[in-house]
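Asks: Sequence:
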Amino acid sequence: MTTILLIRHAVNDFVKTGKLAGRMAGVHLNDEGLAQAEALGRRLARAPLRRIYSSPIERTMETAAAIAKHHPTLSVQAHLEITEVEYGDWQGKAINELQRRKMWGVVQEYPSRARFPKGETMRGVQARIVNAIEALVRQHPEEMIALVFHADLIKMALAHYLGMHLDVFQRIVISPASISTLHLGHSRPFIIGMNDIAHLLELKKARPDEDAARSAS
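In the numbering used here, the protein residues as written are 7 to 223.
Relax, there's no trap hidden among the hints.
Taking lysine-lysine and the DSSO-like style, the derived pairs with C-alpha atoms no more than 30 Å apart in a straight line are:
no.: 1; residue 1: 210; residue 2: 22
no.: 2; residue 1: 124; residue 2: 99
no.: 3; residue 1: 25; residue 2: 99
no.: 4; residue 1: 25; residue 2: 108
no.: 5; residue 1: 99; residue 2: 22
Here are the computed distance ranges between Cβ atoms for each label pair:
no.: 6; residue 1: 199; residue 2: 133; range: 20 to 26 Å
no.: 7; residue 1: 211; residue 2: 112; range: 40 to 46 Å
no.: 8; residue 1: 64; residue 2: 187; range: 22 to 28 Å
no.: 9; residue 1: 83; residue 2: 130; range: 19 to 25 Å
no.: 10; residue 1: 145; residue 2: 102; range: 41 to 47 Å
no.: 11; residue 1: 211; residue 2: 108; range: 42 to 48 Å
no.: 12; residue 1: 119; residue 2: 168; range: 17 to 23 Å
no.: 13; residue 1: 110; residue 2: 210; range: 28 to 34 Å
no.: 14; residue 1: 109; residue 2: 38; range: 27 to 33 Å
no.: 15; residue 1: 32; residue 2: 140; range: 31 to 37 Å
no.: 16; residue 1: 84; residue 2: 169; range: 29 to 35 Å
no.: 17; residue 1: 192; residue 2: 123; range: 39 to 45 Å
Honestly, the hints are just simulated from the structure, not real lab data.
The beta-carbon is built from N, C-alpha and C at its ideal position, and this holds for glycine as well.
Construct the entire structure; sequences and hints are all you get.
Replies: So, in structure tokens, the structure goes:
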């Protein structure tokens, strides 16, 4: 049975712009995101990883590099099939503007019918990520591999293996720098854990002390 760690990238500052990043270049982890990635790397330092795959976008590659730092025999391999959704004309647009479009409601309520202008369909995205995972399972029988990529794709993959319809995949919560664990063998899938952020708790505990230090300085 193959163990697949589905890992979301850590946080970045682009979300503060209120725009949809998509596959835009130049979106890097911020200081908090780098700390999250370091904590993630420490969490997986003793995991028996055989390969680390990443979406080729900067924020995912940077998160994956923090994991690879603890596995000197491994390098991060960019994998195009686990990259972010192709949002087409929506990429880089203000979210408050997109929310006024009819297609926004379709994306939120009936994603199985959604197609982004000059971009992918949501059904196509789910098929892409599931096909990628299945291909990697065939390449890595009885091994543990890590995939570092994006929230919606992780949700779609989990929805598929949970037997959920795509239209309700947004009920799943996937936090930055979280780990979800999937076991795949010759028969039924097993979801071992979802949205595990135990390794980030130490960062949350440290933050009040940092805030107090800033206010005192």
